[in-house]
Amino acid sequence: MIFNKSLSTIKRLSFLLVLILTLHSCYNDPQFLGNNLIPEDDIYGVKTDTLFELSAYTLTQDSINTFLPTEGILGYVNSEIFGSTKGSFVGRYLPSKSTEGYGGPTAKPDSLFFFFTPNSFYGDSTIQLTIKIHELNDTSVLWEPYNGLKSMEGKYNPVPFLTATYKGGSQLKIPVDTSFARLLMDSTALADTKNFYTKFKGFYITCDDLPGFGGVAYNFSTVNAYLKLFYHYEKVIDGKDSTINTTKAYSFSGSRFLHYQHDHTRANSSKAIKYLNDTINQDTVFYTQGLGGVYGKIKLDGLTQWLDSMPVIIHRAELIIGRDNPTTITPDSVVNQLVFYYKIEDSWAGMIIDQQFRNSTKNNGSLRKYSDDYNVNITSQFQRILEQEIKDRSIYVFPSSNSTISRAVLQSGSSSRKLKLRLTYTKLK
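Residue numbers (this note's numbering): 265 to 693.
Keep in mind the hints are simulated off the structure, nothing from the lab. Don't take each hint at face value.
As the list claims (entries may be wrong) - Capping the alpha-carbon separation at 20 Å, the derived lysine-lysine pairs in PhoX-like fashion look like this: (1) K414 with K465; (2) K311 with K396; (3) K372 with K396; (4) K691 with K311; (5) K684 with K561.
Stated by the list, open to error - Taking CB as the label site, the calculated pair distances span: (6) P409 with N488: 14 to 24 Å; (7) S506 with N329: 47 to 57 Å; (8) E317 with D610: 40 to 50 Å; (9) Y410 with T370: 42 to 52 Å.
Note that CB positions come from ideal geometry on N, CA and C, so glycine has one too.
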């Protein structure tokens, strides 16, 4: 009986041993971690490093492509930190082509209006904004894609064609003198856009600056800014004279762009950006701003040490950027998503490959509200820099939205809550 019990125990132990060996042989360690191969003979050689040296700086943008936009802002906001931002709109207006004209020589204008309907606003909508519409005198400004930040001086008639005030509400409706409407009602111009543009080159729609800090900016779709003509003409129908009342809209469906002006000198001197365009002296924070304002430059200072350690395989490179929350008069514009770009030979090459591969930046570079920081996977980009496929040892930081007021103050490499790069890697033997 004792022998049988011992034999039974031995059988159970043998079965357990076989089971363990079977499970171990069936277990396949993940071959790819962060899209990189882990050597089979060094499975347990994966290490983590969080001491990589980084520094961050703030630079101003010199150009932005706002050609043929679908939306943007019109307004003026002055931030204690970023200074002032003014949003304007430039475009050519044209009705749809028609061989029928306006109905013949009996056509007469009844009224003409300029309509502007915003989608939303940033700031204080109770502030009265003075909107001015100028006629363009130089159409060449409409053909350069990167005119978004360039001066408009000399490109338009400084005497406003229309002036109106706007204080929130659903729609701005500005009456236009019917003498201008009569000029528009040129039937030959409807059939030939070149004829139309010799007379009507387009509009520059802007606003006056506002005093103090704060302000208001209206986000709008470009289809919601247009001219609308109400007119009538006589027509014989069934042998009787009839009056036809109708309308024609002049939209900015052709050449157009958004124009943004930034003046960082208007910030509060005690809260303004320090070391702007200085990539030597590092502040405890750095900045990024939409609409062609400022952007961040993160230098991978610790790269030299890692180059000396090659060959190294990076399984995951995770950039963690803390958000700073200064107290200001202007409302907070929380940037929910950061996007990261890189350069090749000092020219913009596009978004980093880690954000491109996902076809969406939604889950890479987003704000983690529980820790108040941004987390972005830069594994592929870092590996390419480490292998010297990309020579520039920096990554550039922007808000994901470039059509709204969006600004962020971020922790740099010299902050107590440091900008951090967490690396998971294997050192090849």
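For each hint, the structure was consulted:
1. K414 with K465: Given pair K414, K465 holds - Cα atoms ~19 Å apart, limit 20 Å.
2. K311 with K396: Distance ~61 Å between K311 and K396 Cα, so the pair is violated.
3. K372 with K396: This hinted pair is violated, its Cα atoms lying about 27 Å apart.
4. K691 with K311: holds (8 Å)
5. K684 with K561: Satisfied, since the Cα-Cα distance of roughly 14 Å is no more than 20 Å.
6. P409 with N488: 14 to 24 Å: For N488 against P409, whose Cβ atoms are near 23 Å apart, the range 14 to 24 Å holds.
7. S506 with N329: 47 to 57 Å: holds (50 Å)
8. E317 with D610: 40 to 50 Å: violated (23 Å)
9. Y410 with T370: 42 to 52 Å: This hint holds: roughly 47 Å between Cβ atoms.
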